[in-house]
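So the protein lines, in turn, are chains R and L.
Quick note: the first sequence uses my numbering, first residue 1441, plus one each step.
Quick note: the second sequence uses my numbering, first residue 10, plus one each step.
Since the hints were derived computationally from the structure, they do not count as laboratory data.
By construction, the Cβ of each residue, glycine as well, lies at the ideal position given by its N, Cα and C atoms.
Be aware that one or more of the hints could be misleading.
[What the hints assert, rightly or not] Calculated cross-link-like contacts (lysine-lysine; reagent style DSS-like; alpha-carbon spacing at most 27 Å):
id: 1; chain 1: R; residue 1: K1507; chain 2: L; residue 2: K210
id: 2; chain 1: R; residue 1: K1616; chain 2: R; residue 2: K1662
id: 3; chain 1: R; residue 1: K1662; chain 2: L; residue 2: K98
id: 4; chain 1: L; residue 1: K139; chain 2: R; residue 2: K1577
id: 5; chain 1: L; residue 1: K182; chain 2: L; residue 2: K210
id: 6; chain 1: L; residue 1: K139; chain 2: R; residue 2: K1662
id: 7; chain 1: L; residue 1: K98; chain 2: L; residue 2: K77
id: 8; chain 1: L; residue 1: K369; chain 2: L; residue 2: K284
id: 9; chain 1: L; residue 1: K210; chain 2: L; residue 2: K197
id: 10; chain 1: L; residue 1: K139; chain 2: R; residue 2: K1507
id: 11; chain 1: R; residue 1: K1507; chain 2: L; residue 2: K197
id: 12; chain 1: L; residue 1: K197; chain 2: L; residue 2: K231
id: 13; chain 1: L; residue 1: K313; chain 2: L; residue 2: K284
id: 14; chain 1: L; residue 1: K210; chain 2: L; residue 2: K231
id: 15; chain 1: L; residue 1: K35; chain 2: L; residue 2: K168
id: 16; chain 1: L; residue 1: K139; chain 2: L; residue 2: K197
id: 17; chain 1: R; residue 1: K1507; chain 2: L; residue 2: K168
id: 18; chain 1: L; residue 1: K312; chain 2: L; residue 2: K378
id: 19; chain 1: L; residue 1: K312; chain 2: L; residue 2: K369
id: 20; chain 1: L; residue 1: K94; chain 2: L; residue 2: K65
id: 21; chain 1: L; residue 1: K313; chain 2: L; residue 2: K231
[To be verified] Some chain L residues well away from chain R (every beta-carbon gap over 10 Å; in silico):
id: 22; residue: W135
id: 23; residue: A176
id: 24; residue: E179
id: 25; residue: P186
id: 26; residue: N270
id: 27; residue: M377
id: 28; residue: R384
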Amino acid sequence: MYAQSVNTPDSSHPACRLWVGTSGYSYAEWADTGFYPSGTPPARMLPVYARCFSIVELNYTWYQMPKIQPLERLVNQVPPDFRFTAKLTRSLTHEVEPARWRSDASRYRDGISVLIQSGQLMAILAQFPPNFDRVLKNRRFLAALLDEFDGVPLAVEFRHRSWAHDRVFAELERRKITMVTVDTPSLPGLFPSLDVVTNPELFYIRFHGRNARGWRSGSMQKQFDYHYTDEELFELANGLVAKMACQAGCGVIFFNNHVRGQAADNARAFMAKLMECGLMEKMSATGTEKAWAAPLFT
Amino acid sequence: MGRAIIHLNVADFAVAVERVMDSRLKDRPVIIAPEGAARSAVYDMSEEAFLAGVRKGMALRQALRICKDAFVLPPHQDRYERAMKAFFKHTLPYSPLTETGEGDGHLFIDVTGSHRLFGPPMDVAWRLRKEIRQALGLDPIWSVAPNKLVAKVATRLVKPTGEYIVAVGEEEKFLAPLPLSLIPGIEKDDFLRLVEFDFTKVSQVVSLSLKQLRVLFGNRSKFLYDTLRGIDFSPVLPEGNTESGILLDYEFGDDTNDVANVESVLYRLVEKSGKQLRHRRLAARRVALVIGYSDGLCCIRQKKADPATANDMALFDLAREVLVPAWFRRIRIRHIRLICDRLIFPPAHQLELFPQSFEKNRRQISLMKAIDSVRSRFGDHAIRTGRTRGDSCACRPRRRIVGRS
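So that you can see chain R by itself, here it is in the shape it has in the complex (with noise of 0.2 Å):
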């Protein structure tokens, strides 16, 4: 129940900026396959990712509510163009108790405030589970936490199929909020892989890998275990983001196929893949001359 585009291609995007990072930077075994120096601890990792990539996308803030210490000092290691996306608390994404959701929003927001005074605040990124499907007592919820983040860039990842329907992007581009684009292996339940754009200030892509045998394994390290090929990332580049980043502003783009540093591998040859094809500057924000330039682990 649904057309590929809300927003047909136009051009009147066209410089359309484009952020590529990966979900998440702190993984010990990243230093195993060598982007990060041997023996680099968790606390040092940000400064050493920050010379490859100029956007993350914090996951920790899914596990545990955002601080505002840890999130200050987590500034302060990075330059002032780096951006943050941050992950929702699980309290509100899929562990949610009518009780206090509320409350835990409120929790969140003031966390979180940091990033938003800092300005590297590029979304928050509500990610629900494959069970949370488009029922009356799910789109009530859903209208209401949308509510609650009113005013902060917002962007809502599906799991479920059912919520892959023209009514949703028609509400989502009534509130500017942003739908993430999915790469997934293709199972069946799971949110389609769509080109929709629902907010014209930003869209946001998540790459998660083709695993089809790991995906309900219910084990991360084997449903992210995925290497997209050279001829994948070139149709990505070529076919989804082109299409999509002259449909908006601004764009996100995240490899989370973080197992054994395919995510980083990944996302670095894909900013490759994006210049070739001219829809990222050489010289843009993005660090990514400045990282190949310079050898990474002086």
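Put chain L on the given structure of chain R with help from the hints.
Same frame as chain R, but now just chain L:
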């Protein structure tokens, strides 16, 4: 590579277990206190009772005056012990390095190096909490930190529910703004000394150098210096680890204040631990005693064994020296626990300067060997000292489960 320690903490463990057994207790103020004692003291209480002003160790009568609608339950150690075992069992698939500590709803799990198998430590912690909640009905607070000390402080910070993640290298910054009362291991005397100097926050004490701290705290200065900076290299000790020491409990059938009876039991405990030490070819460098009074209050005292020993007579002398300061109340004793820890391999034998004491030691060692030899052949009851005659109750080693958190 930095360590990743998960700390799971079931707040008000005894109450949490009781609530699983009886759902009517949910959302009601609950006090756990022993029955039948004239001056019963609060052993554990629910968050509701805590907010009303009830505290551990408070007289039950006073607690009930403060919190009139509280539901009072006697402690059920067996229930807590079973719950703790089940709690512990759920963590084993993730790491064999799981430390149960005092068995009071706290677990430390070392998941360092398991990220390839199980994913990031925070995800392991979250899954553990979810599994334990589903399977046992307990809702632990969790934290992930580079060491046990910081992990413990982190869960204290978010009590009664929540989670906290402290990254490697963030330990000092994490502790700096906290009040000193949240830091484990700071003894009462040290704390009072710090307060005397108007130190209430970690950041204030951290500004002192080790040299300055030494002036104030002497031998304790290094411990304070490291602790307040979040430095803690203590390993997560799995059950049965040799470093964890020997712990023996005895519960009196009837509460007693009979010195001969208590000393007799104490000697039996010493004999048991001495035998285990000699069997493991280890010696204890510290002897500690926990006295549980009939009103629920506990007193802990300890003494250094210098040189380290596994000799029953030497251990008993030390235990008796510890008993005196520990048994300072006129309340009858319900429970006694002997701890022989800081185990080391026995130091090399050194000739004594005075032949008389040398001869005495030699004879004691020979006697111990002879007793061990008889017991190993004919059983523990084959030969007994006069001190333990008349005491038919056998002490049993067990882990204590209490509702502290």
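Checked hints:
Between R:K1507 and L:K210, the direct Cα distance comes to roughly 20 Å. Compliance with the 27 Å bound is thereby established for this hinted pair. With a C-alpha separation of about 35 Å, the suggested pair R:K1616 and R:K1662 falls outside the 27 Å cut-off, and the hint is violated. For the hint pairing R:K1662 with L:K98, the CA-to-CA distance comes to about 25 Å; that is within 27 Å, so the pair holds. For the given pair, L:K139 sits about 24 Å from R:K1577 by alpha-carbon distance, which is consistent with the 27 Å threshold.
Proposed proximity of L:K182 and L:K210 is supported: the alpha carbons are some 12 Å apart, at most 27 Å. Between L:K139 and R:K1662, the direct Cα distance comes to roughly 20 Å. Compliance with the 27 Å bound is thereby established for this hinted pair. Of the supplied pair hints, the one linking L:K98 and L:K77 is violated, its CA atoms being roughly 38 Å apart against a limit of 27 Å. For the proposed pair L:K369 and L:K284, the alpha carbon gap of about 20 Å is at most 27 Å, so the pair holds.
Straight-line distance between C-alpha atoms of L:K210 and L:K197 comes to about 15 Å, which keeps the hinted pair within the 27 Å bound. Between L:K139 and R:K1507, the direct Cα distance comes to roughly 23 Å. Compliance with the 27 Å bound is thereby established for this hinted pair. Restraint check for R:K1507 and L:K197: the C-alpha separation of about 31 Å exceeds 27 Å, so the hint is violated. Taking the CA atoms of L:K197 and L:K231, the gap is about 17 Å. The hint holds against a cut of 27 Å.
Distance restraint check for L:K313 and L:K284: the Cα-Cα separation of roughly 19 Å lies within the 27 Å cut-off, and the hinted pair is therefore satisfied. A hinted pair counts as satisfied when its Cα atoms are at most 27 Å apart, and L:K210 with L:K231 qualifies at roughly 18 Å. Our distance criterion of 27 Å between C-alpha atoms is met by L:K35 and L:K168, whose separation comes to about 17 Å. About 37 Å separates the Cα atoms of L:K139 and L:K197, which puts this hinted pair outside 27 Å; it is violated.
A distance of roughly 16 Å separates the Cα atoms of R:K1507 and L:K168; the hinted pair therefore holds under the 27 Å criterion. Taking the CA atoms of L:K312 and L:K378, the gap is about 25 Å. The hint holds against a cut of 27 Å. As the CA atoms of L:K312 and L:K369 are separated by approximately 23 Å, the hinted pair is consistent with the 27 Å bound. At most 27 Å may separate the alpha-carbon atoms for a hinted pair to count; L:K94 and L:K65 meet this at roughly 24 Å.
The straight-line distance between the Cα atoms of L:K313 and L:K231 is roughly 19 Å, inside the 27 Å bound, and the hint therefore holds. The non-interface label for L:W135 is inconsistent with chain R: the shortest C-beta to C-beta separation is roughly 6 Å, within 10 Å. The Cβ of L:A176 sits about 4 Å from the closest Cβ of chain R, inside the 10 Å cut-off, so the non-interface label is violated. A Cβ of chain R approaches the Cβ of L:E179 within 10 Å, the least distance being about 5 Å, so the stated non-interface status is violated.
For L:P186, the condition that its CB be more than 10 Å from all CB atoms of chain R is violated, with the nearest at approximately 7 Å. Every C-beta of chain R lies more than 10 Å from that of L:N270, the closest at about 52 Å, which supports listing it as non-interface. With a closest Cβ-Cβ approach of about 49 Å to chain R, L:M377 is found to remain outside the 10 Å limit, as its non-interface label requires. With a minimum CB-CB distance of about 51 Å to chain R, L:R384 clears the 10 Å threshold, and the non-interface call stands.
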